[in-house]
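Q: The hints should help you fit chain B onto chain A, whose structure is shown.
Quick note, the sequences are listed as chains A and B, same order. Each residue of the first sequence is one higher than the last, beginning at 1207 in the working numbering. Each residue of the second sequence is one higher than the last, beginning at -11 in the working numbering.
Mixed in with the good hints, there may be bad ones.
To give a feel for the contact side, a few chain A residues facing chain B, derived at Cβ under 7 Å [stated by the list, open to error]:
no.	residue
1	Thr1331
2	Glu1332
3	Gln1333
4	Gly1336
5	Met1339
Derived, one-sided and incomplete: chain B residues facing chain A with beta-carbon distance under 8 Å [unchecked claim]:
no.	residue
6	Ser7
7	Gly55
8	Gln57
9	Arg59
10	Ser61
11	Glu79
12	Phe81
13	Arg84
14	Met87
15	Phe91
16	Phe97
17	Leu100
18	Pro109
19	Pro117
Derived by calculation from the structure, the hints in this document are not laboratory data. Even for Gly, the Cβ is constructed at its ideal location relative to N, Cα and C.
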Amino acid sequence: MLTWLQFFGKKGLSFFERLGRANVFLLRVLAGLPTLALHPRLLVQQLYFVGALSFWIIAVSGLTVGMVLSLQMYNTLVDFGAAESLGPVVALSLVRELGPVLAALLYSGRAGSALTAEIGLMKATEQLAGMEMMAVDPLKRVIGPRFLAGFISMPLLAAIFSAIGILGAAFVGVGLLGVDSGAFWSQMQAKVDFHEDIVNGIIKSVVFGAVATWIAVFEGYDASPTTEGVSRATTNTVVYTAFAVLGLDFVLTALMFGDK
Amino acid sequence: MNSVLDGENKAMMAGDTDSLVKARGLHFSHGDRAILDGVDIDIPRGSVTTIMGPSGTGKTTLLRLIGGQLRPSAGTLLVDGQNVPDLSRRELFFLRRRMGMMFQSGALFSDLTIFENVAYPLREHTDLPEELIRDLVIMKLHAVGLRGARHLMPSELSGGMARRVALARAIALDPMMVMYDEPFTGQDPITVGVIMDLIRRLNDNLGLTSIVVSHDVAEVSAISDRIYLLSNGKVIASGAPQDLRQSDSAWAQQFLNAEADGPVPFQYPAREYLDDLLDLPQ
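The following block holds chain A by itself, in its conformation from the complex:
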């Protein structure tokens, strides 16, 4: 009994100790962000690496998700004679939920894991320590640009996912399944509210972007400087981000849409 208590107690303490370090790490990164104004090139480089290079996976995934969503929703709606509601159904699904959540999960798998691996390898090859010994703060030069790039990129990637998803849904619904084009778009325009739906979706993607990038850079920075350590950190990034995004999605959805 005591052994189990000791085991769970140790695990719990370890979890909270790590969470505390992650919070201190985040505060130090945020405090160093203003210095990026002196080195805009660092941010631009990371925006390309984290954001622009994620475009194709986001675009293709958005397209296929939109097409499948349209197909699935049509099969259900047509039974109720509500096929003309296909437009707002897919738009609301994408803008409120699927866009932010799936974009965050894809971002974590592609860019987040790459950030963790890169930072972890820099730690393992003593590049971060070398930078510190040259009196350059790696939190400002290495971590800060990557964090800010992820924070900026995620909402844009989520918007691209939703937009291309809607186009894919339109292609399937209107082009292939024969839903009236006017009904598809006009009902979408009527039922999708900018503040309640689009802005809330943007808020979600901003929160997911911050959390996903925070986890990615912290896992890399905190990784054991060995091959196994970097490998474990990369896996942790994807897993922890998935847990965090899905958990936060429920909380945010309850706060935003729970009283309707």
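A: Chain B only, in chain A's frame:
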């Protein structure tokens, strides 16, 4: 080259006994394990001082304490009169601009060319125009014999070349002190000779103070003015290389002469050999 490697100690001959680094009662632990257990060290200005000892004895830890990457649990550590553990982050960063460090792996930035690596501290800490930075980088690379390789990437370098570039970067800001972490480990004899020559020559020509962490006895004996032997977190012996050879410490003799058995026993503690073979009851 021979005159350089004779270990001529210009600072000591000039009567300058001022210590750039002074550690008193230095303690450091990792968890429950004491790494440094009351270490006193003096590193004179202008000298090449080596910290030697078996693996895991705290040599690299000592370098990290001097550089402020770790904080001791007790004791004082003065670098150029400043107590490093008491410095704020800003003060520590100012002090580090006057230090250079050559890591065992080189620690070069893998996405920058050799030229960009050496130029990095100059661009970060000075407002020098690009033309002047270019001249300085070329001079530093020429000093280590790699001026012609400046457009290569770190992945295209051999291990020895990477360390030479790391050395050029470490002296880019003309520091007062350079620390070397295992500079000879895993290198071929020619590269070892080159690095030995560079450590001694740069130390004397640039007026540096050099701290070398190594367990390569022959190499450091040839270039060091003073050697500290660490074991079990304490300084076991110290002195000029020729004086250490005369030391009456059995441990120092075992280490310096690479003897297989002695105060550090060959056999891991166990019961009597015959009893074990015959499987007698304990």
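Q: Hint by hint, note whether the structure agrees.
A: Hint by hint, here is what the structure shows:
1. Interface hint status for A:Thr1331: upheld, as the beta-carbon distance to the closest one in chain B is roughly 6 Å, under 7 Å.
2. Restraint check, A:Glu1332 versus chain B: the minimum CB separation of about 4 Å is within 7 Å; hint holds.
3. A least Cβ separation of about 5 Å between A:Gln1333 and chain B falls short of the 7 Å threshold, and the interface hint therefore holds.
4. Given the 7 Å rule on beta carbons, the hint for A:Gly1336 holds: about 3 Å separates it from the nearest Cβ of chain B.
5. A least Cβ separation of about 4 Å between A:Met1339 and chain B falls short of the 7 Å threshold, and the interface hint therefore holds.
6. Checking B:Ser7 against chain A: minimum C-beta separation of about 21 Å lies over 8 Å; hint violated.
7. A distance limit of 8 Å between C-beta atoms decides the matter here; for B:Gly55 the minimum to chain A is near 6 Å, and the interface restraint holds.
8. The beta carbon of B:Gln57 comes within 7 Å of a beta carbon in chain A, closer than 8 Å, and the hint placing it at the interface holds.
9. The interface hint given for B:Arg59 is broken, as the beta carbon of that residue sits about 14 Å from the closest beta carbon of chain A, more than 8 Å.
10. Hint status for B:Ser61: violated, given a least beta-carbon distance of 19 Å to chain A, over 8 Å.
11. This hint is violated: B:Glu79 has a C-beta 11 Å from the nearest C-beta of chain A, more than the 8 Å allowed.
12. The closest approach between the C-beta of B:Phe81 and any C-beta of chain A is roughly 4 Å, which is under the 8 Å cut-off, so the hint is satisfied.
13. Because the beta carbon of B:Arg84 sits about 4 Å from the nearest beta carbon in chain A, less than 8 Å, this interface hint is met.
14. A least Cβ separation of about 7 Å between B:Met87 and chain A falls short of the 8 Å threshold, and the interface hint therefore holds.
15. For B:Phe91, the interface hint holds, since its Cβ comes within 8 Å of a Cβ in chain A; the closest pair sits about 5 Å apart.
16. Interface restraint check for B:Phe97: the shortest CB-CB distance to chain A comes to about 6 Å, inside 8 Å, so the restraint holds.
17. Taking 8 Å as the C-beta contact cut-off toward chain A, the hint placing B:Leu100 at the interface is violated, the least distance being around 10 Å.
18. Contact between B:Pro109 and chain A, as hinted, is supported at the beta carbon level, the nearest pair being about 5 Å apart and thus within 8 Å.
19. Restraint check, B:Pro117 versus chain A: the minimum CB separation of about 17 Å is more than 8 Å; hint violated.
Violated hints, listed in ascending order, are 6, 9, 10, 11, 17, 19; each of the other numbered hints is respected by the structure.
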